[in-house]
Amino acid sequence: MTKYAIRRVLALLPVFLVVTGIVFLLIHLVPGDPIDNLVRAGSDPEQRAAIARAYGLDRSLVEQYLTWMGHLAQGDLGTAIVQRRPVADLIAENIGYSLALGGSALAFSAIVGVLAGVVAASFQDRPLDRMLMGAALIGSTVPSFWLGLLMILLFAVELGWVPVSGARHWTSVILPAATVGLAGMALVARVTRIAMVQTARADFVTLLHANGVSRFAIQSRHLLRHALVPVLTLLSLRIGLIVGGSVTVEYVFARPGLGSLLIRAINQRDYPVIQGCLLMLAVAVMLGTLIGDLLQAAMDPRQREEQRS
Amino acid sequence: MYTSFRPLVWAALALGLVSTNAPADAADATFVLAANQNGTPVLDPIRASLVNLADKLIYDCLVQQAEDQSFHPHLATSWTVTPDGMEWTFELKPGVTFHDGEPFDAETIRWWVPKFAGTENAYLVEAIDRVEVVGPLTVRFVMKHPDANLLYNLSSGFMGIPAPKAYDAAGAEYGTKVAVGTGPYRLERFATGVETVLKRNPAYKWASALSKNAGPAPIDTLTLREIGDPSTAFLEMRTGGVDLVVDVPPATVPRYQTLANAKMQTMPGFGIFYMPINTTVEPFTDVAVRRAVALSIDRREIVDNLYAGKGKAATTFLLASLPEAKVDPKLELVHDPKTAASLLDGAGWKPGPDGIRVKDGKPLVVTLWTQSDTEFKRMTEVIQAQLKSVGIRAEISVFDTSAIRAEYKKGKQQLAVRSYGWNNADILDWFFSGERIGYPNISMWKDDKAEALRLKALKGSRTLDERIANFRAYHEYVLEQVPFAPIYEPVQTIAYNADRLTLPATIRGPQFSAPTVLDITVK
Amino acid sequence: MTLSGLFRSTTAPRSKRRIGPTIAGLILVGFAVAALLCPWVAPWPYDQQALALAYRAPSPAHWFGTDEFGRDVFSRVLYGARTSLTVALVSISTSCLLGMVIGALCGYVGGRFDRWTMAAIDLTWCFPEILLALLLVAILGPGSTSTVLAIAIAYLAQFTRLTRSQIRALKRETFVEASLSFGAGPAHILLCRLLPNAIAPVIVVAMLTTGDAILLEATLGFFGMGAQPPTPSWGGMMSSGSELLFDAPWVILWPGAAIAVSVVSINVFGDGVLDALDVKKRERVH
Chain A
1 MTKYAIRRVL ALLPVFLVVT GIVFLLIHLV PGDPIDNLVR AGSDPEQRAA
51 IARAYGLDRS LVEQYLTWMG HLAQGDLGTA IVQRRPVADL IAENIGYSLA
101 LGGSALAFSA IVGVLAGVVA ASFQDRPLDR MLMGAALIGS TVPSFWLGLL
151 MILLFAVELG WVPVSGARHW TSVILPAATV GLAGMALVAR VTRIAMVQTA
201 RADFVTLLHA NGVSRFAIQS RHLLRHALVP VLTLLSLRIG LIVGGSVTVE
251 YVFARPGLGS LLIRAINQRD YPVIQGCLLM LAVAVMLGTL IGDLLQAAMD
301 PRQREEQRS
Chain B
310 MYTSFRPLVW AALALGLVST NAPADAADAT FVLAANQNGT PVLDPIRASL
360 VNLADKLIYD CLVQQAEDQS FHPHLATSWT VTPDGMEWTF ELKPGVTFHD
410 GEPFDAETIR WWVPKFAGTE NAYLVEAIDR VEVVGPLTVR FVMKHPDANL
460 LYNLSSGFMG IPAPKAYDAA GAEYGTKVAV GTGPYRLERF ATGVETVLKR
510 NPAYKWASAL SKNAGPAPID TLTLREIGDP STAFLEMRTG GVDLVVDVPP
560 ATVPRYQTLA NAKMQTMPGF GIFYMPINTT VEPFTDVAVR RAVALSIDRR
610 EIVDNLYAGK GKAATTFLLA SLPEAKVDPK LELVHDPKTA ASLLDGAGWK
660 PGPDGIRVKD GKPLVVTLWT QSDTEFKRMT EVIQAQLKSV GIRAEISVFD
710 TSAIRAEYKK GKQQLAVRSY GWNNADILDW FFSGERIGYP NISMWKDDKA
760 EALRLKALKG SRTLDERIAN FRAYHEYVLE QVPFAPIYEP VQTIAYNADR
810 LTLPATIRGP QFSAPTVLDI TVK
Chain C
833 MTLSGLFRST TAPRSKRRIG PTIAGLILVG FAVAALLCPW VAPWPYDQQA
883 LALAYRAPSP AHWFGTDEFG RDVFSRVLYG ARTSLTVALV SISTSCLLGM
933 VIGALCGYVG GRFDRWTMAA IDLTWCFPEI LLALLLVAIL GPGSTSTVLA
983 IAIAYLAQFT RLTRSQIRAL KRETFVEASL SFGAGPAHIL LCRLLPNAIA
1033 PVIVVAMLTT GDAILLEATL GFFGMGAQPP TPSWGGMMSS GSELLFDAPW
1083 VILWPGAAIA VSVVSINVFG DGVLDALDVK KRERVH
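Taken in sequence, the protein lines are chains A, B and C. Residue 1 is where the first sequence starts when you use the working numbering, and the numbers rise one by one after that. Residue 310 is where the second sequence starts when you use the working numbering, and the numbers rise one by one after that. Residue 833 is where the third sequence starts when you use the working numbering, and the numbers rise one by one after that.
Because the hints were derived from the structure by calculation, they are not lab data. Any given hint could be a false lead.
Said to hold, decoys possible - Which residues of chain B face chain A? A partial, calculated answer using Cβ under 8 Å: (1) N345; (2) Q346; (3) G348; (4) P350; (5) A426; (6) E429; (7) A500; (8) T501; (9) R534; (10) G537; (11) T548; (12) R702; (13) E704; (14) I705; (15) D709; (16) A715.
Here a beta-carbon is modelled for each residue, glycine too, at the ideal position from N, C-alpha and C.
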């Protein structure tokens, strides 16, 4: 198992290299440049050229890429052109907010989703099942920017339980987390339900029934444990998406975070920041996928064999 | 905190007054910054490309501009200029100190002006050759050439004066962790894109004459929040989370009117919405077609329906309050569909079967570019419909703000909807200079007479009056040649919680800034 | 258990046929017909402005009310079906087809080719769909083609991975080995033996993803980068200004309902198709 894990981590290195290349190329393909966001319209061409020189923007893409990689190898993410601060500082300032939101959203969709899935599975094909699954589905069809506003209206304005926006108090994470979590919950509930139902058909369950183990014990102790494997895989895949994908929610709740930092940087074409953030996200997703694979491998030895062949 | 407030909240709800997170201290307040000031990366006026309200509260300027664009003493108590415009002498206010206790004097100015060299703001002091210290509180600017715009530059937010010692000591950290000025507030905490927390400067007693209160500001801790979504800002106001919203978008003004405790005050806007017309691309090489386009925009309809009657129909390129905007009324570009139609007829574009005009078998179809913000998209859609009514089909393309600049540089645009925020006539030079074809001269306009008039206004004006006359002449020629169509001059609406704050009767200065904040009292 | 396994049916084959998928299918057909016929069905032109009549509540003249330009929301929802459904269908079928081809090749060929291709495909998985789509739209320029391409690329990894894992799992099964021993070529095995058996879950996931694509288009609209005005799309209509929630909720309610109904219908219909395919699956295509 350890060997397998090491091999998987090593296999990520070339992927990481390719990611840096793609990230770099992608953002330089986008029309526009950071200089226009730095100077006002009235500045003269020499001034623009001087700025381009100062940030190395006048050199070829390959040179720029190699310079960036050189700094990256030393753990230096560079300095933001428009925001004028070390990229590492900007990310450090924002990542806490993202992790708080992403983590609680993930927890929310995991707990609520698994609960809904288990309940639905035990009432398979009965009205409660249909209702739960239907509600989860409809919940996931509301775009998150509207879901967020509706949540604010209900819980912050009408009920006054939590602050409307911002990130000053821990309670301010509740609504955004629920908004992001609700969108992901439908899939978790669905997967849990199917996994529960499928596992229930397995031979060992019949055996347990035959041995007179109570229905509840089977459900909670045996079924759920087996059914949780795919749910964990699914959740591990969502880690990266949750860290960077909640940008609309961050906007509606006026919350800082990696998503907002990234969107602002994309709009301003602040290359070092975009590169740094996308790289962070890519690493998060790669690690998430890795954790998912490792979990799967730990549960299912065949997977390890397969990778070796 | 919120749990313990729960019973209170329910009581408040019962009374219809919701206030969940009122600041603990009565003298504290939270403002929502204007959306166009969001994302200011550093609070360092020398290096900044964007200054916001926080800059204006941390730093003072030598000169303060009023809402009628006139200039008033601030850290400079008086100034004189030689008739040839080559020497300016400023007397500085005595007893002024920075937040770190360092004195403000003539040496500060001698340190400060050269700091602009090599920054994007270098143009502000470009005309100054050197700064001479005449006495402890007297400085003289010896000029390379006359600059009739010097007072304007000195009053702009980019020329707020930072503390020399703190500035040099902090190096690259200056403006994010440290920001020291002489202003009514000192920096407590700054997080780009989130909020800036300011603390009152208790020693402040050198406010400009624009504010009644010359002493320390009444609000103790002032939090400036950046909230992107106007609906979120409204809901914060409704629940008492914020006390003042600096710039309420026109579309949300009716919402605020439903709040019992919210009051609103309007002040002149700070820019123009306009439509550049690419003069190098058919059919707009013909000045008659350009004029027809400019005359077919129904500005009244836009003001009344998109802006609930607030703001003005723009008829020139400049803010109506600027003296250079007082042009020959015949040159103003107003809504006149009849003349527009006859101009198009005269240019050979005759009405076609489906209502779209045709010339030599080709329909009058043009591109109309816009930015992805809601306000721009809405205005562009209305203009599209208005152009259609005179027989021009405009096809909209939406770009983000950076991409659209890159596209402008390629010069393929025909029409575009955009805006600027600036209260000086030199904006004409920015957007119509023959040296900046593509972007920012989106109209791609290069005309010998225009260039001569522009250079005369820019470089050949020794005094303010001369500058006004020269820029007015240039402005009139621009209007004659119609490389753009003016659309709308917005007003700024400030909403505040009248239960907590009292605002002065008029908002002083060209924008909502320090002179007004000093006069805001807390109940 | 692989992810693809999760999309297998949950209904025991003996359970009687459900009515839900039929209704869902009918609703989808209805939407499609409305999208096709909207020039004749819509009571107003979708771009006819009447600024004085903006923000009117639903009435007999305007069944769904009017929007911020006084345009008829009902007509715009009908025309919006055209944009939204087309964008979603075209992008997902592109994504699905591409993903199946790449995934099948990777799964069948294996080895270094598989590893490198999958590494490249997984890159698109690294970035949240909305960020990827925003970047791609910025690169490709405004227009519906770039929206379609951006959405297609955003979901490519999912289809590729799914097909690949299906093919890999099937490769080991006895019926493939049997074909090999009868001397069948690799193309024959891939096209006639493996793909038909692998296709069902991919199609179902494609159907479910169509809902996500509609939502992604809406989120693009939130950033102002969706359909070019005045062309309506459901997402674009919903995201044309958050103050609409207070001033004229019907402007966002109806397109929102259209999105919800179509996403739910697609899901229910997808499940139904899955059930039907699952029965067939028992009698494998040999």
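Margin query: Hint A715 (chain B) vs chain A: min CB-CB distance below 8 Å?
Written below: holds, 4 Å
Next item on the list: Please verify that hint: N345 (chain B), Cβ, nearest Cβ of chain A, below 8 Å or not.
Entry: Violated, because the Cβ-Cβ distance from N345 (chain B) to chain A comes to roughly 13 Å (cut-off 8 Å).
Checklist line | Restraint satisfaction for I705 (chain B) [CB to CB of chain A, less than 8 Å] | finding: The hint is violated - I705 (chain B) has no Cβ within 8 Å of chain A, the shortest such distance being about 18 Å.
Next item on the list: Would you check whether G348 (chain B) satisfies its interface hint, that is, whether its CB is within less than 8 Å of any CB in chain A?
Entry: holds, 6 Å
Item checked: Status of the hint placing R534 (chain B) at chain A (closest C-beta pair under 8 Å) -> holds, 7 Å
Note to self: Take the shortest C-beta to C-beta distance between A500 (chain B) and chain A; is it under 8 Å?
What the structure shows: holds, 7 Å
Next item on the list: Go through the hint on T501 (chain B) and say holds or violated, using the shortest Cβ distance to chain A against 8 Å.
Entry: Holds - the Cβ of T501 (chain B) comes within 8 Å of chain A, reaching about 7 Å at its closest.
Margin query: Next item in the hint list is E429 (chain B). Is there a CB on chain A closer than 8 Å to its CB?
Written below: holds, 5 Å
Note to self: So, as I understand it, the hint says E704 (chain B) touches chain A; can you test that by seeing if any CB pair is closer than 8 Å?
What the structure shows: violated, 19 Å
Margin query: Let's test the interface hint: is any C-beta of chain A closer than 8 Å to that of Q346 (chain B)?
Written below: Violated, because the Cβ-Cβ distance from Q346 (chain B) to chain A comes to roughly 14 Å (cut-off 8 Å).
Notebook entry, point to check: Given R702 (chain B) as an interface hint, is the shortest Cβ-Cβ distance to chain A below 8 Å?
Noted result: With Cβ-Cβ at 26 Å, over 8 Å, it is violated.
Item checked: Per-residue hint verdict: D709 (chain B), partner chain A, C-beta under 8 Å -> holds, 6 Å
When each numbered hint is compared with the structure, violations occur for hints 1, 2, 5, 12, 13 and 14.
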